[in-house]
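J.: Chain residues, written in single-letter form:
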Amino acid sequence: DTEVTQTPKHLVMGMTNKKSLKCEQHMGHRAMYWYKQKAKKPPELMFVYSYEKLSINESVPSRFSPECPNSSLLNLHLHALQPEDSALYLCASSQIDGRHQPQHFGDGTRLSIL
Amino acid sequence: AQSVTQPDIHITVSEGASLELRCNYSYGATPYLFWYVQSPGQGLQLLLKYFSGDTLVQGIKGFEAEFKRSQSSFNLRKPSVHWSDAAEYFCAVGAKNTDKLIFGTGTRLQVFP
Chain A
1045 DTEVTQTPKH
1055 LVMGMTNKKS
1065 LKCEQHMGHR
1075 AMYWYKQKAK
1085 KPPELMFVYS
1095 YEKLSINESV
1105 PSRFSPECPN
1115 SSLLNLHLHA
1125 LQPEDSALYL
1135 CASSQIDGRH
1145 QPQHFGDGTR
1155 LSIL
Chain B
24 AQSVTQPDIH
34 ITVSEGASLE
44 LRCNYSYGAT
54 PYLFWYVQSP
64 GQGLQLLLKY
74 FSGDTLVQGI
84 KGFEAEFKRS
94 QSSFNLRKPS
104 VHWSDAAEYF
114 CAVGAKNTDK
124 LIFGTGTRLQ
134 VFP
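If you read the protein sequences in the order shown, they are chains A and B. Following our numbering, the numbering of the first sequence begins with 1045 at its first residue and continues without gaps. Following our numbering, the numbering of the second sequence begins with 24 at its first residue and continues without gaps.
One thing to keep in mind: the hints can contain errors.
To be verified - Quick look at which bits of chain B chain A covers, simulated, 3 or more residues with Cβ under 8 angstroms: (1) 56-68; (2) 84-94.
To be verified - Simulated restraints on C-beta separations: (3) A:PRO1105 <-> B:SER49: 46 to 52 angstroms; (4) A:LEU1158 <-> B:THR78: 46 to 52 angstroms; (5) B:GLY51 <-> A:PRO1052: 37 to 43 angstroms; (6) B:LEU69 <-> A:HIS1121: 27 to 33 angstroms; (7) A:LYS1062 <-> B:THR78: 49 to 55 angstroms; (8) B:LEU69 <-> A:SER1094: 16 to 22 angstroms; (9) A:MET1059 <-> B:GLY64: 23 to 29 angstroms; (10) B:GLY51 <-> A:SER1099: 29 to 35 angstroms; (11) B:GLY64 <-> A:HIS1123: 25 to 31 angstroms.
Simulated from the structure, these hints should not be mistaken for lab results. Treat the numbers as computed from the prediction; the structure is a model and nothing was measured. For glycine and all other residues, C-beta sits at the position ideal for the given N, C-alpha and C.
Chain A with its partners taken away, still in its complex shape:
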C-alpha cells in the first residue's frame, strides 16, 4: 500500500472540461511534487512545492494549475487540456533536510483527454 494517496485513479475528460486531481500524504513531508508520465518513459517533473510554496515550475502550460492548500494536500487543476496531455499523473512527497531524501510516489491518476 502506498502512503501517498491520489484520487481519482482514472479520469476521462473533454477538452473543455475543468477537473482536479488530488494528492494526500500524512508522513509529515514538506516537499510535494507533480509528475507527468507517458507510456514507456520516465516521469517528467512538472511542479515542486516546498513548505506549501511553489518552488519549481518546469515551464508547464497554464492549463495546469497546481495548488497546495496545506502541508498534506496537493491539487492539480486542469482546464482546456489537449489530447497530448493524456498520461499518468504522479504525485510524490519527501522530507526536507538539506539532502535529497527519497521521494514517495502515489499510484497516479490515469488521465485521458477526448
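Take the given structure of chain A and dock chain B to it, following the hints.
T.: Showing chain B alone in chain A's frame:
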C-alpha cells in the same frame, strides 16, 4: 550536465537466474542515487538509495546495488529473480542544489518461468 544512463532498454531473464541492471551517472560531486521500480498501472516504489558510506547498499525485495565512483556506476543486482520482479526499473540521481530527480530512461525487465 548531470545525467543518468541506463544502457539496457529491455532485459529478459529466467526465473531463478541472477540479475544485474546497469546505471551510469554524470555528476560533479558525491551523488545521491536511487533505484525505483514501477509495476504496470502503479506508481514508483523506492528499492534503495545511496547517500554516503558503505558502497554496497541493501534494499527491499532482496535487491542490492553497488556504488562505484571510479566507474560512475550504481548497478542494481538480485541473486535470484522471481516472476513478480517483472517491471520497469528506473535509476535516478538527485540534482545539485534543487529538489529535482534526474531519471534514467528505464529498463524493462521480463521474467520467463
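J.: Now, for every hint given, state plainly whether the structure supports it.
T.: How the hints compare with the structure:
1. Judged by the Cβ-Cβ criterion of 8 angstroms, the segment 56-68 of chain B is covered by chain A as claimed, because 7 of its residues qualify and three suffice.
2. For a cut-off of 8 angstroms, the count of residues in the segment 84-94 of chain B with a CB near a CB of chain A stands at 0, and the three-residue condition is violated.
3. Distance hint check for A:PRO1105 and B:SER49: the Cβ-Cβ separation is about 30 angstroms, which falls outside the suggested range of 46 to 52 angstroms.
4. A C-beta distance of roughly 50 angstroms is found between A:LEU1158 and B:THR78, which places it inside the suggested range of 46 to 52 angstroms.
5. Checked against the given bound of 37 to 43 angstroms, the beta carbons of B:GLY51 and A:PRO1052, roughly 42 angstroms apart, stay inside it.
6. Checked against the hint of 27 to 33 angstroms, the pair B:LEU69 and A:HIS1121 passes, with Cβ atoms roughly 28 angstroms apart.
7. Taking 49 to 55 angstroms as the suggested C-beta distance range, the pair A:LYS1062 and B:THR78 conforms, at roughly 50 angstroms.
8. The supplied range of 16 to 22 angstroms is met by B:LEU69 and A:SER1094, whose beta-carbon atoms lie about 20 angstroms from each other.
9. Here the CB-CB span from A:MET1059 to B:GLY64 is close to 25 angstroms, well matched to the stated 23 to 29 angstroms.
10. Under the hint 29 to 35 angstroms, the C-beta atoms of B:GLY51 and A:SER1099, about 22 angstroms apart, miss the expected range.
11. Between B:GLY64 and A:HIS1123 the Cβ separation comes to about 26 angstroms, which falls inside the hinted range of 25 to 31 angstroms.
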